[in-house]
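Trainee: Protein chains in written order, with numbering that gives the first Met the number 0: chain A, 0 to 155; chain B, 0 to 155; chain C, 0 to 155; chain D, 0 to 155.
Please keep in mind that the hints were generated in silico from the structure rather than gathered at the bench. Check the hints yourself; a few may be wrong.
[Said to hold, decoys possible] Beta-carbon label-pair distances, calculated as ranges: (1) GLU151(D) <-> LEU16(C): 41 to 51 Å; (2) GLU151(D) <-> ARG50(A): 49 to 59 Å; (3) LEU133(B) <-> ASN29(A): 27 to 37 Å; (4) LEU133(C) <-> LYS132(B): 22 to 32 Å; (5) GLU52(A) <-> LEU133(B): 40 to 50 Å; (6) GLY17(D) <-> PHE154(A): 52 to 62 Å; (7) LEU110(C) <-> LEU24(D): 28 to 38 Å.
Beta carbons: idealized from backbone N, C-alpha and C, even for Gly.
4 protein chains.
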Amino acid sequence: MEEKKHNRFAELFNSQLGQENPKGLSPFGNWLGGVLTHYEKGKLEKEYTVRHEMTNALGTLHGGAIASILDEIIGATVISMEFSHFKTTVNLVVDYFYPAYEGQVLIAKGLMIKEGKKISHLQGELFLKDNGKLIARAITNMYTTDLAVDLEPLFK
Amino acid sequence: MEEKKHNRFAELFNSQLGQENPKGLSPFGNWLGGVLTHYEKGKLEKEYTVRHEMTNALGTLHGGAIASILDEIIGATVISMEFSHFKTTVNLVVDYFYPAYEGQVLIAKGLMIKEGKKISHLQGELFLKDNGKLIARAITNMYTTDLAVDLEPLFK
Amino acid sequence: MEEKKHNRFAELFNSQLGQENPKGLSPFGNWLGGVLTHYEKGKLEKEYTVRHEMTNALGTLHGGAIASILDEIIGATVISMEFSHFKTTVNLVVDYFYPAYEGQVLIAKGLMIKEGKKISHLQGELFLKDNGKLIARAITNMYTTDLAVDLEPLFK
Amino acid sequence: MEEKKHNRFAELFNSQLGQENPKGLSPFGNWLGGVLTHYEKGKLEKEYTVRHEMTNALGTLHGGAIASILDEIIGATVISMEFSHFKTTVNLVVDYFYPAYEGQVLIAKGLMIKEGKKISHLQGELFLKDNGKLIARAITNMYTTDLAVDLEPLFK
């Protein structure tokens, strides 16, 4: 049964690899978009394109949209751990380094830094695809709840 | 001229008070929505409604959307300081306490904690309107740039 | 028995009020010093004096010492909640606003912001006593462990 | 003259390499101890031993002492950048993963993540030397002041 669950996690990520519009269960995640380009356990990459509606008054990617993309990649990285119980976000710390403009393509990388029984610590990074510049970085602590994971609705 | 600038800040906020759809200059800010319900120098309140497209797979307000609303209220609070030069966000720290569901109304409060010549520190809080529960809190450090503020485009 | 535990918490704090050198169980806490000047459930005040050995190369209170005092006041505030199980620190976020010099007296304030079953969120603030300036602020998330509290060793 | 300044930075770090008790200018830094074991521009390593007076009531390295060691290694890493003007700490974010006990030896690693003209972002990590476990991690934003660096007092 663990084996079966593992297969379901793998199926889920494999079904999303390279897809422009995977039909995710998260409406805001779908709004942000993003294409999964790499996954392994605890390490993920997605590509995002800066759309006009994600920008601020200065024409650059909004700080909240940056936080949202980083929260998304971290959330997907947690799912890649093939966990049995849901983790909930305790906090999100975002540091901003560099602006991104409409039309630019971003690479978001998620990484599990320290997985604990109760508290896990993850990191997200956001780069400009064309020159590799680090535009922002985030860290998150997550708390493992008692709510068991059921992946089946994701396959409906 | 300082007086005139002051008047322009006041005009700007007064023109937005209670408006459902103020035509802001920030596309992502417009997407998030929000109605300004109170402003004074360094202290702001806005109301937001949780729309379906802001939610996550669990049906609650997405952590990224929470971060975005808090970033917005903090950004508006900085503008209420009637500053002469743009401030840019160094970091955003969000702590999550409680979920919010589709259709719920939120009160976002922004507060200037410490205004420095170079670095300013602000706080944002997000409450459920119906029971006053604190659902999340954020702090931000901002750095004052050399870029002079010109409000006039906001009145076009 | 709950009543008795409550009494023990009250006894503990009462015995420390205004004492220059309470014999605490934390060696580093003792090194930092500090005198408890006020306590109620979830709200504490202590006074600290900046000693030479707490300063940095610029002659001001070391950023690590500031973090330490804030961590201490937050830790004492958690104890004031009369909790039954130990809480462990998940993270500490310190924002620095203003320097403090050798010999200056500081007021440290601790506050419980949000007590949850599993995760609690607290805040610490550090002021200069003579002019009330806020020199630093900290927030912490704590996780409630399964380790039951036994106060009795504190009374030996 | 730039060359001379460079030499002075190198001299400073070389004089400290492997020294048990370098006579630093920071009293609290001296109290924490630590031996420089590796340096290059933007990347440093020091070793610390957990002394009794650094522990808390549970007998483990105090959270404030952990924050202090991380603040120290980050501060030393900034100096290794051979900068011309002092940088001041805007904030310090510490995440705690694992306890350390009296007598244990720790490896502290500092790393410059992103050096900007005005804001720089650094990271510190703290490991148990014997098994390599990551016990805590910190990030810091620093702001470059107008105060010119004069290293000469360090050679007196």
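Trainee: Taking the numbered hints from earlier one at a time, note which ones the structure violates and give those numbers from smallest to largest.
Mentor: Violated hint (a single one): 5; every other hint is consistent with the structure.
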